[in-house]
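Undergrad: Sequence:
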Amino acid sequence: MADIFHGWFADGAQPFPAVMRLEEYEGPILDDLRAGRTVRIEDTRDPALARPDLAAIAEVGVTALLSVPLIVGGTLVVNLSVHQHAARRWTEGEVALVQEVAERLWADLVRARAEAALRALNASLEERVEERTRRLADLNAELGALITRTARNLEAPVGYLSRFLGPGRPADLLAELPPHGPSALEDELARLRGVVQDLRQLARLEDQGLNTELLPLGELFAEVQAGAGSRAEWLIQPLPIVRGDRGLLKQALAVLLTFTLSDTRGARSVDVSSEEIDGEVWVTVQDDGLGLSGEEAATLFDLAVRTEQAVPLLPGSGLVQVRRILARHGGWAWAEARLNGGRVVLAFPRDESVSELEALFRQEGR
Numbered sequence: 107m108a109d110i111f112h113g114w115f116a117d118g119a120q121p122f123p124a125v126m127r128l129e130e131y132e133g134p135i136l137d138d139l140r141a142g143r144t145v146r147i148e149d150t151r152d153p154a155l156a157r158p159d160l161a162a163i164a165e166v167g168v169t170a171l172l173s174v175p176l177i178v179g180g181t182l183v184v185n186l187s188v189h190q191h192a193a194r195r196w197t198e199g200e201v202a203l204v205q206e207v208a209e210r211l212w213a214d215l216v217r218a219r220a221e222a223a224l225r226a227l228n229a230s231l232e233e234r235v236e237e238r239t240r241r242l243a244d245l246n247a248e249l250g251a252l253i254t255r256t257a258r259n260l261e262a263p264v265g266y267l268s269r270f271l272g273p274g275r276p277a278d279l280l281a282e283l284p285p286h287g288p289s290a291l292e293d294e295l296a297r298l299r300g301v302v303q304d305l306r307q308l309a310r311l312e313d314q315g316l317n318t319e320l321l322p323l324g325e326l327f328a329e330v331q332a333g334a335g336s337r338a339e340w341l342i343q344p345l346p347i348v349r350g351d352r353g354l355l356k357q358a359l360a361v362l363l364t365f366t367l368s369d370t371r372g373a374r375s376v377d378v379s380s381e382e383i384d385g386e387v388w389v390t391v392q393d394d395g396l397g398l399s400g401e402e403a404a405t406l407f408d409l410a411v412r413t414e415q416a417v418p419l420l421p422g423s424g425l426v427q428v429r430r431i432l433a434r435h436g437g438w439a440w441a442e443a444r445l446n447g448g449r450v451v452l453a454f455p456r457d458e459s460v461s462e463l464e465a466l467f468r469q470e471g472r
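Letter by letter, the sequence shown follows residues 107 to 472 in my numbering.
Rather than coming from a laboratory, the hints here were simulated on the basis of the structure.
Be a bit skeptical, because a hint or two may be false.
[What the hints assert, rightly or not] Okay, derived cross-link-like pairs now, EDC-like style, lysine to aspartate or glutamate, Cα gap no bigger than 20 Å in a straight line: (1) 356 <-> 319; (2) 356 <-> 384; (3) 356 <-> 325; (4) 356 <-> 377.
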């Protein structure tokens with residue numbers, strides 16, 4: 107099939123069909139065009155040139171034909187044709203003119219397509235930069251909220267302790283405490299211990315250097331699965347290779363699977379798959395356990411919520427590590443709200459060198 111994507115017709119000229127079946131025009135004309143040769147026909151109705159391909163062209167109202175082909179990679183891609191309903195003797199100047207117009211049109215088309223591809227690439231890069239900026243802003247906001255909450259959490263126990271340690275304190279201060287005072291102090295100290303634990307954990311993750319290498323995620327998931335000791339049924343679909351720190355990513359997966367396979371969630375099957383979206387590799391971990399509400403999904407990885415304990419948390423509150431580790435690799439992690447089952451997405455940046463390596467493996471596997 108050949109599509110006629112543009113045409114100009116003089117007044118009174120017979121319109122050319124929008125689609126042509128090439129098999130109806132097989133013969134010397136198509137042979138010449140496919141070979142990159144300009145076709146010049148002065149009269150398709152000339153008895154001396156009686157051929158099926160010329161007859162087919164004559165049926166659509168073409169008597170004289172001048173056609174310049176464009177060959178790309180050895181294949182006929184497009185041709186620029188000039189024709190009329192009366193016989194015509196084409197001059198060398200006319201042939202040269204049509205050839206020059208064809209070359210200029212192709213150059214303009216290539217440039218237009220390159221510009222369109224560049225615009226699309228720039229738009230894609232801008233979207234990715236905006237998304238990375240948003241993720242970084244989320245992390246910064248999370249740290250800011252953590253600092254604010256930590257300061258507020260310190261106020262109550264510091265107030266209590268200052269009464270014990272401050273100058274001029276009464277000797278019988280303990281007797282003056284209300285009945286709920288010791289219990290409240292213990293609660294505040296317990297909250298502080300949780301804050302300190304989270305801060306130490308965060309500090310370790312931020313300070314630890316990244317030893318990046320090429321990691322087949324399928325193997326990494328299999329290692330973590332083997333160590334989980336769960337009776338759940340697993341389906342680990344083919345996963346890509348990523349560039350990352352084996353120890354940190356294995357730690358992130360172990361924490362995630364601790365949450366996924368917790369007794370409270372009751373998951374009996376786990377499905378791990380991947381897909382490429384917007385320059386990233388999204389690895390999805392789905393299970394058939396307890397679903398997540400919108401609030402739980404939105405705050406599952408938030409360190410601030412983990413510290414504040416404002417939202418009831420499911421087992422696996424160490425999930426804050428997962429997002430921090432993915433962020434250090436240039437990725438992200440989030441959960442999706444579902445009535446039944448859990449769905450967590452781990453986003454990794456796509457590495458072109460890794461893509462080439464995977465393509466090589468696929469070729470060797472054939």
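Undergrad: Each hint: holds or not?
TA: How the hints compare with the structure:
| no. | hint | result |
| --- | --- | --- |
| 1 | 356 <-> 319 | holds, 13 Å |
| 2 | 356 <-> 384 | violated, 25 Å |
| 3 | 356 <-> 325 | holds, 10 Å |
| 4 | 356 <-> 377 | holds, 18 Å |
Hint compliance for this structure: hint 2 alone is broken.
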